Each structure stands twice: as C-alpha cells, then as structure tokens.
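Those sequence lines, one after another, are chains A and B.
Per the UniProt record's numbering, the first sequence starts with residue 1, numbered consecutively.
Per the UniProt record's numbering, the second sequence starts with residue 1, numbered consecutively.
Since the hints were made in silico from the structure, they are not lab data.
There's no promise every hint is true.
Across the chosen pairs, the derived CB separations fall in these ranges [stated by the list, open to error]:
| hint | chain 1 | residue 1 | chain 2 | residue 2 | range |
| --- | --- | --- | --- | --- | --- |
| 1 | B | A146 | A | D157 | 29 to 35 Å |
| 2 | A | P430 | B | P37 | 26 to 32 Å |
| 3 | A | I384 | B | Q125 | 32 to 38 Å |
| 4 | B | P50 | A | Q257 | 56 to 62 Å |
| 5 | B | I62 | A | F53 | 54 to 60 Å |
| 6 | A | D157 | B | V61 | 43 to 49 Å |
| 7 | B | Q125 | A | V266 | 51 to 57 Å |
| 8 | B | Q16 | A | N477 | 23 to 29 Å |
| 9 | B | G113 | A | A84 | 24 to 30 Å |
| 10 | A | Q257 | B | D11 | 48 to 54 Å |
| 11 | A | Q120 | B | G113 | 46 to 52 Å |
| 12 | A | F118 | B | R117 | 31 to 37 Å |
| 13 | B | S68 | A | P399 | 45 to 51 Å |
| 14 | B | G12 | A | S253 | 53 to 59 Å |
Values in this document were obtained by computation on a predicted structure and should not be read as measured data.
Every residue, glycine too, gets a C-beta built ideally from N, C-alpha and C.
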Amino acid sequence: MSAVPPPPPPAPAAPSGETAAPPLGVPDDGLDWRRMHPVTPVVRGWGVIVVLFLVGFNQVATDVEGAGEVVSSVNPLWFVGGLAFFALVVFLYSALAWRMMRYAVGAEAVHLRQGIVFRQQRQARLDRLQAVDIVQPLVARIFGLAELRLEVAGGADSAVKVGFLKIGDAETLRAELLARAAGVTVAEGEAAPVAPEEQVIQVEPGMLVGSLLRTGALLAFLAILVGLGVAAVLAHTAAPLLSAIPGLIGFGSYLAQRFVGEYGFVGAVSPDGIRLRRGLLETRSQTIPPGRVQAIRLSQPLLWRRKDWWRVEVNVAGYGSITADAKSSSQVLLPVGDRRAALDALWLVLPDLGLTDALAVLDEALVGSGPSETFTTSPRSARILDPLTWRRNGFAVAPRALLLRQGRLVRQLVVVPHERTQSLGVEQGPLQRRLGVASFALHTTVGPVTPQIAHLAEADAARLLAEQDERARTARNSEGPELWMRQIATEPVAEVVTEPVTEPAAEPTGDGA
Amino acid sequence: MTEPTGLFDPDGIVWQRVSGRLVTARLISLGIGIGLPVVVLAVLAVLLTPWLWLPAAVLLVIGVACASVIARQVHAIGYAERADDLLIRKGVLFRSLVVVPYGRMQFVDVSAGPLARALGIASVQLHTASPTTDASIDGLEPGEAARLRDRLASRGEAQLAGL
Numbered sequence: 001m002s003a004v005p006p007p008p009p010p011a012p013a014a015p016s017g018e019t020a021a022p023p024l025g026v027p028d029d030g031l032d033w034r035r036m037h038p039v040t041p042v043v044r045g046w047g048v049i050v051v052l053f054l055v056g057f058n059q060v061a062t063d064v065e066g067a068g069e070v071v072s073s074v075n076p077l078w079f080v081g082g083l084a085f086f087a088l089v090v091f092l093y094s095a096l097a098w099r100m101m102r103y104a105v106g107a108e109a110v111h112l113r114q115g116i117v118f119r120q121q122r123q124a125r126l127d128r129l130q131a132v133d134i135v136q137p138l139v140a141r142i143f144g145l146a147e148l149r150l151e152v153a154g155g156a157d158s159a160v161k162v163g164f165l166k167i168g169d170a171e172t173l174r175a176e177l178l179a180r181a182a183g184v185t186v187a188e189g190e191a192a193p194v195a196p197e198e199q200v201i202q203v204e205p206g207m208l209v210g211s212l213l214r215t216g217a218l219l220a221f222l223a224i225l226v227g228l229g230v231a232a233v234l235a236h237t238a239a240p241l242l243s244a245i246p247g248l249i250g251f252g253s254y255l256a257q258r259f260v261g262e263y264g265f266v267g268a269v270s271p272d273g274i275r276l277r278r279g280l281l282e283t284r285s286q287t288i289p290p291g292r293v294q295a296i297r298l299s300q301p302l303l304w305r306r307k308d309w310w311r312v313e314v315n316v317a318g319y320g321s322i323t324a325d326a327k328s329s330s331q332v333l334l335p336v337g338d339r340r341a342a343l344d345a346l347w348l349v350l351p352d353l354g355l356t357d358a359l360a361v362l363d364e365a366l367v368g369s370g371p372s373e374t375f376t377t378s379p380r381s382a383r384i385l386d387p388l389t390w391r392r393n394g395f396a397v398a399p400r401a402l403l404l405r406q407g408r409l410v411r412q413l414v415v416v417p418h419e420r421t422q423s424l425g426v427e428q429g430p431l432q433r434r435l436g437v438a439s440f441a442l443h444t445t446v447g448p449v450t451p452q453i454a455h456l457a458e459a460d461a462a463r464l465l466a467e468q469d470e471r472a473r474t475a476r477n478s479e480g481p482e483l484w485m486r487q488i489a490t491e492p493v494a495e496v497v498t499e500p501v502t503e504p505a506a507e508p509t510g511d512g513a
Numbered sequence: 001m002t003e004p005t006g007l008f009d010p011d012g013i014v015w016q017r018v019s020g021r022l023v024t025a026r027l028i029s030l031g032i033g034i035g036l037p038v039v040v041l042a043v044l045a046v047l048l049t050p051w052l053w054l055p056a057a058v059l060l061v062i063g064v065a066c067a068s069v070i071a072r073q074v075h076a077i078g079y080a081e082r083a084d085d086l087l088i089r090k091g092v093l094f095r096s097l098v099v100v101p102y103g104r105m106q107f108v109d110v111s112a113g114p115l116a117r118a119l120g121i122a123s124v125q126l127h128t129a130s131p132t133t134d135a136s137i138d139g140l141e142p143g144e145a146a147r148l149r150d151r152l153a154s155r156g157e158a159q160l161a162g163l
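Using the sequences plus the hints, can you model the full thing?
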C-alpha cells in the first residue's frame with residue numbers, strides 16, 4: 001500500500017500550471033497535489049464583501065446628509081483610488097490564498113494544505129472516515145462548484161474541507177475516496193467506480209410544509225398572538241401586537257430555515273452507505289458509510305400522531321461537532337414521513353435487527369405501551385415519578401440492537417446497534433432507591449440522540465447492564481473490518497425496497513461495486 | 001446508610017478503594033470554598049451589622065452537612081478492573097455505576113492539582129468517544145494512578161475497536 005497510484009491529472013481544478021515545480025514549500029512527497037478551483041476565494045469570501053457593503057449602506061442610510069457632506073469634502077479621485085486599492089489588495093490576497101490551497105489523495109489519507117501566514121496541513125485517515133458531504137452553497141451553485149467535506153471523529157472543526165471544486169470533480173473525488181475507504185483497490189490510471197444507488201425515501205414539499213405547521217411551537221406562538229390581539233383590542237392600542245413582531249420574524253426564520261434546509265429530501269442506499277440529499281438554496285449531499293451511524297431515533301411530536309408521521313435522526317461521530325446551523329439538519333435521516341418511510345429509514349441503517357417478526361416488534365416499539373414478552377417496562381412503583389410515561393418507558397433486546405422506547409406525548413424510539421455502544425451506566429437517586437428503580441444510560445457519540453431509559457426495576461437494570469455489556473463485546477469482536485467493502489457486498493436493493501424491514505441481512509455474494 | 005444493593009455491587013466484583021487522603025483533600029477544598037466566606041462574613045458581622053450572622057450560619061450549616069458526608073462519599077468510590085472493562089462506582093445518596101470497555105477508550109488523563117500533589121494523590125480519567133461517559137477516579141496513589149494508566153492504555157490497545 002506504499003505506492004501511491006497517482007490518478008491521471010484529469011485537469012481537476014487548475015488547468016494551468018499543473019505540472020510546474022511545486023512552489024511555496026509544497027514538498028515533493030510523492031503525492032499528487034491538486035488545486036482547488038480558482039473561484040474558491042470569491043465563493044468563500046463573498047459574504048465578507050456583502051457585509052462590508054451592507055454596513056456601508058446602513059451608515060449612509062441612517063445619516064444621508066452627513067454621508068453627503070463626507071463624500072463632497074473628499075476628493076472623488078481619492079475615493080475611487082481607495083476603492084481600487086482595496087480591491088487590488090483583496091484580489092492579491094485571494095490569489096495568494098488560492099495558490100496555497102492544495103489537496104492530495106494518498107493511499108491511506110487525504111491531505112490538505114492551506115494558509116498564507118498561518119499555514120495549515122491536515123490529513124484525514126481514510127479508514128477513519130465517518131461521512132462525506134458534498135455541499136453547494138447558493139453562490140457555489142451559480143458557479144457550478146461544490147465543496148467536499150470529510151467528517152472524521154475529531155473535536156470541533158475537525159472536518160477536512162476540500163473546496164471548491166467543479167461539481168463533477170467533487171463527485172469523482174467522492175467516489176475515489178469512498179472506494180479507497182471501502183478497501184476497493186483502484187487500478188492506476190482508472191477512475192474509481194461510482195457506486196450505484198437506489199432511492200428509498202423521498203419527502204414531498206407539501207408534507208414538509210404540513211409537518212412544519214404541525215409543530216407545537218407554532219400553535220403556542222399563535223396562542224400568544226391571539227392573546228396579544230385580545231390585549232390590543234382591550235387596551236385600544238396596537239402596542240402589544242407590535243411587540244410580537246421580533247418574535248414573528250424569529251419564528252418565521254426558524255420555519256424558513258427548516259423548510260429550506262430539508263426541502264427536496266431524498267434518501268438512497270448504495271454500497272457506499274446511506275446517501276442523503278436535500279436543500280433548496282444550499283444543497284447538501286451526504287454519504288454515511290456502513291456502520292458509521294452510532295444511534296438512531298424515531299420520534300413523533302404530539303401533533304403528528306393523527307397523520308402517523310415520524311422524524312428520524314441519527315448520531316454520526318463527525319457531525320456531532322460541526323457548526324450549529326448545519327448541525328440541525330445534518331443528523332436528520334428523515335425530516336418527516338409516514339411510519340413506512342420511518343421504518344425504511346431505520347432499515348437503511350440497520351437492514352437486519354435479527355428479529356423474526358421485526359415489523360410487529362417495531363410497531364410495538366413505536367406505538368405500544370405496557371410490558372410484554374419483548375418489552376420490559378418500568379415497574380408500577382415508578383408511576384409516582386413518571387405518572388404519564390411509566391407504562392411506555394421500556395426496552396427490548398434484539399439480536400443486533402437495543403431498542404429503547406419512551407415518551408407518551410412525544411413518542412420516541414431509540415435504536416443502538418450493539419457494536420456501537422461506547423460505555424454503559426446506571427444511576428439511582430434517593431427517591432428511586434426507595435421505589436426500587438434505577439435509570440439506565442447507554443453512552444454514544446455527540447448528537448441529537450441520547451439513549452437512556454428512566455426508572456427501570458433494579459433487577460431489570462442490573463440484568464440489562466450485565467447482559468448489554470456482554471452483547472456489546474460480542475458484537476464488537478465479531479464486527480467486520482473498517483474497510484467495509486472487504487466484508488460486505490452489494491445487496492439486491494430493488495428487491496429490498498419493497499419490504500425493507502422484514503428483509504433479511506445482506507447475503508455476501510462476494511462481488512463488490 | 002445501607003450497603004450498596006445488588007445493582008451497584010455485581011457478583012464477584014472486588015472493589016478497589018481510593019486513598020483516604022482524598023477525604024483530607026476534599027475537606028480542605030470545602031474549607032476554602034465555604035470556611036473562608038464564613039470567616040469573612042463573621043468578621044463583617046462583628047464590624048458592621050449582626051444581620052450578617054444569618055448567611056454565615058446558613059453557609060456553616062451547609063458546610064458541616066457537606067463535611068459530614070465526605071468520608072462516606074470517598075469510601076463509596078470504588079473501581080474494579082475486569083477482563084474486558086473497567087467498572088467505576090460512586091455516590092452515597094445519588095449512586096452511579098459506569099462500565100467502560102477497554103476497547104472503547106480513546107485516551108486517559110492523569111491529573112493532580114497542587115493540593116492533590118501535596119497530599120500525594122492523583123486522579124485518572126478515561127475518555128471514550130462519548131462525552132457523556134463519566135469515568136473518573138479521584139484520590140489514587142500516584143503509583144497506582146501510573147499503573148492504572150499504563151494498564152488501561154495497554155489493554156485499550158490490545159482490544160482496540162474503531163468507533
């Protein structure tokens with residue numbers, strides 16, 4: 001694996017200067033250093049320019065006369081000259097920054113270099129790859145560019161961002177990285193095979209709007225608005241209503257953000273893992289390789305119950321630490337969908353729970369209540385602590401995963417594959433001890449899902465702790481290699497889509513992509 | 001106070017205790033945290049107004065209550081190295097038990113502040129990929145802390161798993 005097969009320079013980013021001697025401290029380390037697209041600094045920095053412009057505009061707008069005086073007092077030549085100088089500096093800086101930005105794909109890692117004053121070199125091991133995203137902000141879409149983000153399980157800001165590239169190049173690079181991460185050997189001078197994908201989930205815009213209108217927060221907001229309206233009528237002044245305007249703007253922008261972020265959601269399965277695409281303005285195409293989902297949650301807010309709609313979120317190691325705005329939507333596996341779609345989403349992550357009647361168990365997990373053969377729930381003594389949900393709080397053990405059921409008003413089902421367990425814990429407060437119950441928690445990576453179950457009977461908690469520890473160890477030991485293509489093979493997708501949940505596990509047929 | 005029940009004391013586990021000097025360490029930090037304000041309040045009460053005796057008394061009661069449970073708390077801390085995982089038990093009133101498989105360990109911290117160094121104790125903390133894993137052991141002898149660190153590191157390496 002030491003020889004780096006240098007892919008033929010498919011003229012990726014910079015058509016010129018490709019073969020020139022590597023300048024500015026790029027060492028000759030046998031790696032094929034490639035450049036980003038020259039427009040990159042513009043796409044990255046346009047926000048700054050817009051902000052400067054807006055600030056200037058705001059200053060002028062608030063004090064038009066003062067601005068006029070300032071402008072008339074200054075020689076217009078100086079003004080234009082200053083602007084030109086500023087533009088020149090920005091241009092030179094951008095050009096230099098672009099010259100310093102390079103990336104290379106080695107046999108085992110992706111390398112990235114950037115920075116003028118503070119130089120940064122970063123490499124991400126391909127076998128530690130947690131997810132690969134292709135992100136296209138609106139401006140980048142205009143230029144037909146995209147940024148490739150490689151998520152590794154580091155701390156904050158640990159993603160390796162390769163961008164911007166032409167969209168076609170980004171897709172080629174993604175295929176190459178995923179193929180290498182999967183352990184598929186790519187022949188020298190040959191493009192990596194693009195894994196075929198089969199669409200499983202699609203969210204219609206109408207359903208998305210419906211789901212956003214059915215949030216409890218919207219109803220609460222409307223109630224407040226009505227209250228303020230009544231107050232306004234009683235007080236004969238519009239002041240109360242005006243006070244709601246900031247809230248209205250904030251809430252509207254929240255809904256708009258959700259809509260824009262989750263618009264056109266498509267979930268597909270491919271040998272590379274789960275493919276998710278979404279976005280109205282900024283589009284995002286995620287690939288989560290097999291075995292990278294740490295935990296999954298299906299949840300149903302109260303107002304979605306009549307429609308039987310569900311939302312599915314996942315914990316993926318790399319996504320936990322990315323910035324707040326992208327975070328909310330990166331970890332969504334299904335923004336909204338009926339039960340069938342939610343189970344399909346679950347199936348994407350866990351094709352096989354190891355249960356013979358998985359559908360029945362999952363139905364019970366989603367809407368059931370009370371103890372049964374499969375589910376162990378809180379004992380009766382917990383009803384003081386949990387009057388509403390004690391009959392529903394419970395767990396079931398499937399051969400491949402642990403199912404945690406909770407919530408009565410907002411129904412939730414958390415599924416954690418046994419081999420993804422990090423550590424386990426039980427806790428007990430004084431009141432719980434008196435009632436003979438304890439809370440169980442399963443620790444997983446950062447994300448929206450926190451697998452835990454409150455108030456189990458002491459004996460059940462002790463048994464679960466001991467057995468889950470054992471199950472997690474067994475599952476871990478029997479887990480395949482990180483190079484997933486060496487272990488599993490493509491499954492008959494088309495057949496699976498019709499009945500995802502009941503479909504047995506992938507049969508190793510031996511042929512990869 | 002009753003001994004831990006079966007949940008926090010699984011069969012066949014021999015708990016290792018931490019050093020009694022942790023009691024001293026915690027008492028000293030409690031003394032600094034609560035004793036010092038009490039003294040300041042008392043001085044001010046004598047100098048300014050007797051009303052300040054009230055917060056001083058409240059603080060003192062809290063301090064004494066905390067001090068009275070510290071010994072039991074320290075005694076309740078226990079850890080056990082099993083073949084594949086480390087068990088850590090804590091708490092008197094609010095009990096917790098954490099099971100950390102060695103293969104899940106990402107790194108180990110050994111730390112000792114000035115007070116702990118003066119008393120000759122250190123703490124070891126295990127970190128997994130999950131921030132919710134609270135696996136720290138306070139009040140270890142420095143030798144034991146180093147041994148545990150090396151032991152955990154070598155076992156973690158032997159059973160290394162991805163994520």
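Taking the hints in turn, this is what the structure says about them:
no.	hint	verdict
1	A146(B) to D157(A): 29 to 35 Å	holds, 33 Å
2	P430(A) to P37(B): 26 to 32 Å	holds, 28 Å
3	I384(A) to Q125(B): 32 to 38 Å	holds, 36 Å
4	P50(B) to Q257(A): 56 to 62 Å	holds, 58 Å
5	I62(B) to F53(A): 54 to 60 Å	holds, 57 Å
6	D157(A) to V61(B): 43 to 49 Å	holds, 47 Å
7	Q125(B) to V266(A): 51 to 57 Å	violated, 43 Å
8	Q16(B) to N477(A): 23 to 29 Å	holds, 27 Å
9	G113(B) to A84(A): 24 to 30 Å	violated, 58 Å
10	Q257(A) to D11(B): 48 to 54 Å	holds, 53 Å
11	Q120(A) to G113(B): 46 to 52 Å	violated, 34 Å
12	F118(A) to R117(B): 31 to 37 Å	holds, 36 Å
13	S68(B) to P399(A): 45 to 51 Å	holds, 49 Å
14	G12(B) to S253(A): 53 to 59 Å	holds, 58 Å
Comparing the model with each numbered hint stated earlier shows that hints 7, 9 and 11 do not hold.
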